[in-house]
Each structure stands twice: as structure tokens, then as C-alpha cells.
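J.: Sequence:
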Amino acid sequence: MSDENRTAKDIGEIRRMLEEQTQREDLQKTAFDQLYEELKQYKEDFVFQSEKPLLLDLLLFYDSLNWFQQSLVKKEMSPDVIADSFQYLIDEFLEVLYRRDVLPIEGKDAFDRELQKAIKVVKTGDKTRDWDVEQVLKRGFTRAGKVLRAEEVVVYRYNEDGDDS
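Here the working numbering runs 7 ahead of the position in the sequence shown, where the first position is 1.
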């Protein structure tokens with residue numbers, strides 16, 4: 008076999024190998040694109056499915072708010088009935104939170120840094136009231152045993168001067 012024939016044969020072999028490599032790369036690209044699209048759809052569906060129960064609960068609460076608004080507009084309700092209806096809405100909303108393992112922090116008489124955040128300090132001359140909670144401004148909540156939102160409170164602080172200001 009002459010050098011020219013051998014070179015032509017080698018070039019033909021290289022050309023064939025390059026075409027095969029190009030075909031493999033095209034197949035890999037197509038497979039990757041398909042896999043990426045499937046992963047994207049899975050992710051979108053996963054997010055939707057994980058949010059769906061909460062969203063349905065919120066829609067039920069929305070219905071209750073609409074009912075309450077219509078009741079206020081249509082009827083002359085006594086303050087007691089309004090208070091009871093409003094309490095029903097609060098209880099229903101707490102139920103939505105309970106279903107998501109979000110629980111209110113139980114009120115404590117003494118300040119607890121782990122669960123509470125002191126927003127304001129009230130001075131007291133009574134040493135026994137030092138660090139007692141005077142008022143809860145915002146209720147705190149936990150989820151799965153971890154603080155989701157600390158309870159915001161007003162605390163008493165002992166004042167050595169004996170001022171109750």
C-alpha cells in the first residue's frame with residue numbers, strides 16, 4: 008500500500024471517528040436536555056405539592072374571613088357576637104398553624120431569653136418582680152421545637168433607687 012493510500016485511509020478513519028464522536032455528543036446533549044427538563048418539571052411539581060395543603064388551608068380561612076365580613080355588613084350584630092365570631096377566626100387560624108406544627112409559646116411569668124425578646128423595660132422598686140414579664144406585646148411561636156418567632160414582651164427591672172417609674 009502506498010503512502011498516499013495509507014494517508015487517505017487514515018484520514019477516512021479519522022473522519023469516521025469524528026462523525027461517531029459528534030453523534031455520541033449529540034445523543035448526550037439530547038439526553039441531558041431531556042433529563043434537565045424532567046428535573047425542572049419534578050421540582051415545580053414538588054414545590055406545588057408541598058405548598059398545596061397550606062394553600063388550601065389558607066383558602067378555607069379566606070372563606071371564613073369573607074363570611075365574617077358579610078355577616079358584619081348584612082346584620083346588626085351585638086358586640087358579644089362580633090367578639091365570639093372574631094375569636095372563632097383566631098381559633099381557626101391557629102388550627103391552620105397547628106396543622107403545620109406551628110405552636111404558640113406558652114406564656115411565662117418570668118423572662119426567658121430563649122423564647123422571649125424584651126422590647127421595653129419598666130422600672131420597679133419591688134426586687135421580687137425583677138425580670139418578670141409585665142405584658143406580652145406579640146405572641147411567639149415555635150415549629151418542630153425551634154423558635155420561629157420569639158415572644159415580644161415588656162419586662163420589669165428592679166431599680167435600686169426604689170423608683171416605680
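Keep in mind that the hints were calculated from the coordinates and are not lab data.
Be aware that one or more of the hints could be misleading.
[Stated by the list, open to error] No farther apart than 30 Å at their CA atoms in a straight line, the calculated lysine-lysine pairs in the BS3-like style are these: (1) K82 - K59; (2) K36 - K59; (3) K127 - K145; (4) K124 - K134; (5) K124 - K153.
[What the hints assert, rightly or not] Okay, the calculated beta carbon distance ranges per label pair: (6) V88 - P111: 38 to 46 Å; (7) R150 - V128: 40 to 48 Å; (8) L66 - V88: 19 to 27 Å; (9) K50 - S92: 39 to 47 Å; (10) V128 - P60: 35 to 43 Å.
Note that CB positions come from ideal geometry on N, CA and C, so glycine has one too.
J.: Enumerate the violated hints, using their earlier numbering and listing them in ascending order.
T.: Hints 1, 2, 6, 7 contradicted; others consistent.
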